[in-house]
Amino acid sequence: MVLDRDTNIHPEIWELLNEVPDPEIPAINLVELGVIRTVERTDDGTIYIVITPTYTGCPAKQLFKDLILEKLAEYGHHKVEITSRLNPAWTTDWMSDATKEKLLKIGISPPSVGDRVIVCPQCKSTDTKLLSPFGSVACQSMYSCNTCKEPFSYFKCH
Amino acid sequence: MNFTFESNESKFLLRIADTSLILAQRLAEMCSKGPFLEEDIALSNTSLDLFGRAEELYKIICRIENDKFEPDELVYKRNERQFYNLKLVEQPNEDFAWVIVRQFLHDVYAKEVFTELLKSENSEVVGLSQKVLKEIKYSHLHAKDWIERLGLGTEESNSRTQSAVNHILKYIEEIFNFDDIDKTYLSNTAEIESKWNAEINAVFAAYNITRIEVPPLSMRDYRDGFHSEYMGPLLSVMQYLPRAYPDAKW
Chain A
1 MVLDRDTNIH PEIWELLNEV PDPEIPAINL VELGVIRTVE RTDDGTIYIV
51 ITPTYTGCPA KQLFKDLILE KLAEYGHHKV EITSRLNPAW TTDWMSDATK
101 EKLLKIGISP PSVGDRVIVC PQCKSTDTKL LSPFGSVACQ SMYSCNTCKE
151 PFSYFKCH
Chain B
159 MNFTFESNES KFLLRIADTS LILAQRLAEM CSKGPFLEED IALSNTSLDL
209 FGRAEELYKI ICRIENDKFE PDELVYKRNE RQFYNLKLVE QPNEDFAWVI
259 VRQFLHDVYA KEVFTELLKS ENSEVVGLSQ KVLKEIKYSH LHAKDWIERL
309 GLGTEESNSR TQSAVNHILK YIEEIFNFDD IDKTYLSNTA EIESKWNAEI
359 NAVFAAYNIT RIEVPPLSMR DYRDGFHSEY MGPLLSVMQY LPRAYPDAKW
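Residue numbers (the numbering used here), protein chains in the order written: chain A, 1 to 158; chain B, 159 to 408.
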């Protein structure tokens, strides 16, 4: 299961949302991250966006909303309402393989189902060890590579 | 402000929300005071999770109560007797062992409660519980690891852990005095208690910690807004800024 979203409705809005970066991992955007669930537009032009937060304690929760409003306003969309929905809960399963590939490229080991195979973003070795389940941001753990000895961040599987 | 709650569901969720909030505040006090960097980050991360959990619960509660107040008002404008958190989580950070013991006893309980809430009729509560259970896994393992290291570590680490346990156990009994409101939203309260006891007893036994008999105490119930003496100072720090500068904006 990757995404159950219909991006064919209002593609022009989705395109703009594709330009909103994740504030903590700017290499990927909010659509790729999977937080934007639905986009609707009423006859009077109001845009309704539903988002699902990634982690309950993610300090970027409010920033997500601000960045979306800012981007849409830039293109003349001023009547925007953003609501948050908790069910279904956000999961790293909603990230596509292409998104995971991007994470690996910028040095963050992407989520692996059940935290089983954790790849070193430096040398691609899978011989890695957990340093601490908690990392520099809420969504990551600290690992180090037994092959190249480099430390790295791992995006927790949620 | 008038903080009366009409719905039993919001009264119930408030207990969990307040418990998360107050524990988050206690852990936030540890920020920059952890014994080493990774541990400092771990405690701050756990604090963030708990603040986030509380925030989402307050949002659900405010919706149920027809938005007659906002989450921030629930946090900053209520007085001590209007908070309904477990006394367990307001216990101070006396030393690192207290931080870990309090966390472990809480996490085992919270894990059982949110597992029950997966069956809630409120779909937002179900979604939140799915998320929270993934987050608790990290905090729970972290606390359990430390119980092992402290319990089996040195004579000093064991005795400090034992002394934390001896103090904190006093605040456990009330957790399981479930009332009708709890029983409406938790379908199997007996199981929560038995699973909690089974895990705590097994872990303590494995790591050389004794679960002492706690004599009966005359303390009134957290469900009626009663607290230990540690709650007031905690609130005065947490609420200072918005109370000194009402409606201050960043």
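Rather than coming from a laboratory, the hints here were simulated on the basis of the structure.
Being a predicted model, the structure only gives us computed values, none of them experimental.
Be careful, since some hints might not be right.
Stated by the list, open to error - Below are the DSSO-like pairs computed for lysine-lysine, each with C-alpha atoms no more than 27 Å apart in a straight line: (1) Lys341(B) with Lys191(B); (2) Lys61(A) with Lys235(B); (3) Lys61(A) with Lys407(B); (4) Lys61(A) with Lys226(B); (5) Lys302(B) with Lys65(A); (6) Lys292(B) with Lys61(A); (7) Lys61(A) with Lys295(B); (8) Lys217(B) with Lys61(A).
Said to hold, decoys possible - Which chain B residues stay away from chain A? Per the calculated CB distances, all over 10 Å, these: (9) Glu164; (10) Glu228; (11) Arg236; (12) Gly285; (13) Gly309; (14) Thr347; (15) Glu349; (16) Ser352.
Think of the CB as a built atom: it goes at the ideal place given N, C-alpha and C, for glycine as much as any other residue.
Assess, step by step, whether the Cα of Lys292(B) is no farther than 27 Å from the Cα of Lys61(A), and give holds or violated.
holds, 18 Å
Holds or violated: is the Cβ of Glu228(B) farther than 10 Å from all Cβ atoms of chain A?
Given that every Cβ of chain A is farther than 10 Å from that of Glu228(B), nearest at about 14 Å, it holds.
Just double-check Glu349(B) for me: nearest Cβ-Cβ distance to chain A has to come out over 10 Å.
holds, 23 Å
Next pair to validate is Lys61(A) with Lys226(B); report whether the Cα-Cα distance is within 27 Å.
holds, 23 Å
10 Å cut-off, C-beta based - Gly285(B) kept clear of every residue in chain A
Contrary to the label, Gly285(B) does not stay out of reach of chain A, its closest Cβ about 3 Å off (not over 10 Å).
Would you mind confirming whether the straight-line C-alpha gap from Lys341(B) to Lys191(B) stays at or under 27 Å?
violated, 39 Å
10 Å cut-off, C-beta based - Glu164(B) kept clear of every residue in chain A:
holds, 22 Å
Confirm or reject the statement that Thr347(B) sits farther than 10 Å, beta carbon to beta carbon, from all of chain A.
holds, 24 Å
Checking the smallest CB distance to chain A, is Arg236(B) really beyond 10 Å?
Correct as stated: the minimum Cβ-Cβ distance to chain A is 21 Å, above 10 Å.
Interface exclusion of Gly309(B) relative to chain A, criterion Cβ beyond 10 Å:
holds, 20 Å
For the pair supplied as a hint, Lys61(A) and Lys295(B), is the alpha-carbon distance within the 27 Å limit?
Judged against 27 Å, a Cα distance of about 21 Å means the pair holds.
For a C-alpha distance cap of 27 Å, please report whether Lys302(B) and Lys65(A) respect it.
violated, 36 Å
When each numbered hint is compared with the structure, violations occur for hints 1, 5, 12.
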